[in-house]
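Enquirer: Each chain is listed here by its residues.
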Amino acid sequence: QKEVEQDPGPLSVPEGAIVSLNCTYSNSAFQYFMWYRQYSRKGPELLMYTYSSGNKEDGRFTAQVDKSSKYISLFIRDSQPSDSATYLCAMIKGGSEKLVFGKGTKLTVNP
Amino acid sequence: DSGVTQTPKHLITATGQRVTLRCSPRSGDLSVYWYQQSLDQGLQFLIQYYNGEERAKGNILERFSAQQFPDLHSELNLSSLELGDSALYFCASSPRPKLVTNEQYFGPGTRLTVT
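Those sequence lines, one after another, are chains A and B.
Residues 1474 to 1584 (the numbering used here) are what the first sequence spells out, left to right.
Residues 3 to 117 (the numbering used here) are what the second sequence spells out, left to right.
Please keep in mind that the hints were generated in silico from the structure rather than gathered at the bench.
Treat the hints with care, since some could be wrong.
[What the hints assert, rightly or not] The following residues of chain A were derived to be distant from chain B, with all beta-carbon distances above 12 Å:
# : residue
1 : G1527
2 : S1542
3 : T1559
4 : L1580
[What the hints assert, rightly or not] Result set (EDC-like, lysine to aspartate or glutamate): computed pairs, CA atoms no more than 20 Å apart in a straight line:
#  : chain 1 : residue 1 : chain 2 : residue 2
5  : A       : K1540     : A       : E1488
6  : B       : K59       : A       : E1570
7  : B       : K100      : B       : E55
8  : A       : K1515     : B       : E55
9  : A       : K1475     : B       : E77
10 : A       : K1571     : A       : E1488
11 : B       : K11       : B       : E55
12 : A       : K1515     : B       : E56
13 : A       : K1579     : A       : D1480
14 : A       : K1529     : B       : D42
15 : A       : K1571     : B       : E55
16 : A       : K1566     : B       : E105
17 : A       : K1571     : B       : D3
18 : B       : K11       : B       : E64
19 : A       : K1515     : B       : D42
20 : A       : K1529     : B       : E105
21 : A       : K1515     : B       : E64
22 : A       : K1579     : B       : D42
23 : A       : K1540     : A       : D1480
24 : B       : K100      : B       : D31
25 : A       : K1529     : A       : D1551
26 : B       : K11       : A       : E1518
27 : A       : K1579     : A       : E1518
A virtual CB, placed ideally from N, CA and C, is assigned to each residue, including glycine.
Pulled out of the complex, with its shape left as it was, chain B reads as follows (with noise of 0.2 Å):
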C-alpha cells in the first residue's frame, strides 16, 4: 500500500458527461500528480499541482482540469467525455515541488469507462 488513495475505483458514464476524480496524497506530501494509462498511449502525465499551485503540465486536454485543495487532496475533472478518454488514471504523490526518482508513489487508479 504506497499511502495514495483515490477514488472511486470504477467509474462508468456517457459520452458527454463530467466526471471527477478524486485523490488523497500520502501523508506528508505536497505534490500531486496526475497521469492516464490507455492501451494506445500507455501512462502520460497530465498534470502536476504542488501545495495548492499548478506546476507542471502534460498532455492534459481542454476538457480536463485539476485543482489542488487547501488539505492537499486533488480532484481531476473530466468533461464533455469521449470514447476516447476510457483509461485508467493514476495519481501520485511526492513531498517536494520538484520531481526526485525515487520519491514518487502512485494511487491505485481509478478506471474509467465512456460508452
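Just chain A, same shape as in the assembly (with noise of 0.2 Å):
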C-alpha cells in the first residue's frame, strides 16, 4: 500500500461547477499538508498548506484536513477554464526533510 493514495482522474466538469479533489494516506505521522497545481509541461506550484485539521479558506480554494480518518480534501468553488491542470497533494512527516506526494488527478473545466 502506497502511504499516499490520489485517484488520478481524469475529471471533467463545466465551468462554474464545484470540484473536489481527494488524498488517504496510511501513517499517521504525516503532520503538514500541501496542494500543488501542475500545469502541462510546468513545475508544481503550491496552492495551499496546513498542518491541522479542519478547513483552510483561500479565495476559490478550500482545503481539509481529517486527521482522524487521514483524509485531505481540496474544493475549488466556481470553477475556471484556467484551473484545468494536475492537482497534486503532498504531505510531510514530522521531523522529515522528504515531500510524499499522491500521483495527482488531472482536472479539466470545460467553457
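Since each chain sits alone in its own frame, please combine them into the complex, following the hints.
Expert: Written out as C-alpha cells, the structure reads:
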C-alpha cells in the first residue's frame, strides 16, 4: 500500500462547478499537508498548505484535513477553465525533510 | 516564473548512456531538492543538498548521483540509463536546510527520454 493514495482521474467538469479532490494516507506521522497545482509542461506550484485538522480557505480554494480519517480534500468553487491542471497532494512527516506526493488528479474545466 | 532554472529542457539519449541535468536555485536559496516524476510512480523525492552538503536522501538509485557547487547550482548525474529512467526531473529550491511547507519552489523540469 502506498503511503499516499490519490485518484488520478481524469476529472472533467463544466465551468462554474464545485470540484472536490481527495487524498488518503496511511501513516499518522504525516503532520503537514499541501496541495500543488501543475500545469502541463510546468513544475508544481504550491496552492495551499496546512498542518492541522479543519478547513483553510483562500479565495475559491478550500483545503480540508481530517487526521482521524487520514483524509485530505481540496475544494474549488466556481471552477474556471484556467483551473485545468493536475493537482497533487503532498505531505511531510514530523521531523522529516521529505515531501511525499500523491500521483495527482488531472482536472479539466470545460467552458 | 519561480526563479529556479533547469537545463536542458529536453534530453533524448540511448540506454547505457550517462547524462547530466543542471539546476540553478532561486537567488538566496541554499537548498536544492531533486525529484523524479513518472507516470508509474508519480513525483518522488530523490535527494537534497544544502550549501554544498548532502542533507537528505530519498528513492535515489545508485546509478544516480548529485552534487551542489560553491555557486549553489546543482547537477544530477544519471548513468547506465535504462528505459525506465525516462521521466521528468524537477529541481526545487528553498532558503533553509529544513523543509518548510511554503518555501519550496520548483523549476520547469527536464524531460528525459531514454530510447
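Enquirer: Each hint should be assessed against the structure and marked as holding or not.
Expert: Status of each hint after checking the structure:
With a cut of 12 Å on Cβ distances, A:G1527 stays outside the contact zone with chain B, its closest approach being about 16 Å. In this structure A:S1542 is separated from chain B by more than 12 Å, as the shortest Cβ-Cβ distance comes to about 21 Å. With a minimum CB-CB distance of about 10 Å to chain B, A:T1559 fails to clear the 12 Å threshold, and the non-interface call is violated. Every Cβ of chain B is farther than 12 Å from the Cβ of A:L1580; the closest lies at roughly 16 Å, confirming the non-interface assignment.
Of the supplied pair hints, the one linking A:K1540 and A:E1488 is violated, its CA atoms being roughly 31 Å apart against a limit of 20 Å. Of the supplied pair hints, the one linking B:K59 and A:E1570 holds, its CA atoms being roughly 9 Å apart against a limit of 20 Å. For the suggested pair B:K100 and B:E55, the alpha carbons sit about 13 Å apart, so the restraint of at most 20 Å is met. In summary, the hint linking A:K1515 to B:E55 is not supported, as the alpha carbons are separated by about 28 Å, beyond the 20 Å threshold.
The suggested pairing of A:K1475 with B:E77 is violated, with an alpha-carbon distance near 29 Å, which exceeds 20 Å. Restraint check for A:K1571 and A:E1488: the C-alpha separation of about 35 Å exceeds 20 Å, so the hint is violated. Distance hint between B:K11 and B:E55 is unfulfilled; the C-alpha atoms sit about 26 Å from each other, more than 20 Å. For the given pair, A:K1515 sits about 26 Å from B:E56 by alpha-carbon distance, which is inconsistent with the 20 Å threshold.
Distance restraint check for A:K1579 and A:D1480: the Cα-Cα separation of roughly 9 Å lies within the 20 Å cut-off, and the hinted pair is therefore satisfied. Distance check on the hinted pair: A:K1529 and B:D42 sit about 31 Å apart at the alpha-carbon level, beyond 20 Å; violated. Between A:K1571 and B:E55 the CA atoms are separated by roughly 16 Å; this keeps the pair inside 20 Å, and the hint holds. As the CA atoms of A:K1566 and B:E105 are separated by approximately 16 Å, the hinted pair is consistent with the 20 Å bound.
A threshold of 20 Å between alpha carbons decides the hint, and for A:K1571 with B:D3 the separation of about 24 Å lies outside it, so the pair is violated. Simply put, B:K11 and B:E64 have alpha-carbon atoms about 24 Å apart, too far for the 20 Å limit, and the pair is violated. Between the alpha carbons of A:K1515 and B:D42 the distance comes to roughly 18 Å, so the proposed pair stays at or under 20 Å and holds. For a cut-off of 20 Å, the pair hint linking A:K1529 to B:E105 stands: about 18 Å separates their Cα positions.
The straight-line distance between the Cα atoms of A:K1515 and B:E64 is roughly 27 Å, outside the 20 Å bound, and the hint therefore fails. Proposed proximity of A:K1579 and B:D42 is supported: the alpha carbons are some 15 Å apart, at most 20 Å. A threshold of 20 Å between alpha carbons decides the hint, and for A:K1540 with A:D1480 the separation of about 19 Å falls inside it, so the pair holds. Proximity of B:K100 to B:D31 is assessed by CA-CA distance (about 12 Å); at most 20 Å being required, the pair is judged to hold.
Distance check on the hinted pair: A:K1529 and A:D1551 sit about 17 Å apart at the alpha-carbon level, within 20 Å; holds. About 18 Å separates the Cα atoms of B:K11 and A:E1518, which keeps this hinted pair within 20 Å; it holds. For the given pair, A:K1579 sits about 15 Å from A:E1518 by alpha-carbon distance, which is consistent with the 20 Å threshold.
In terms of the numbered hints stated before, the structure departs from hints 3, 5, 8, 9, 10, 11, 12, 14, 17, 18 and 21, listed from lowest to highest.
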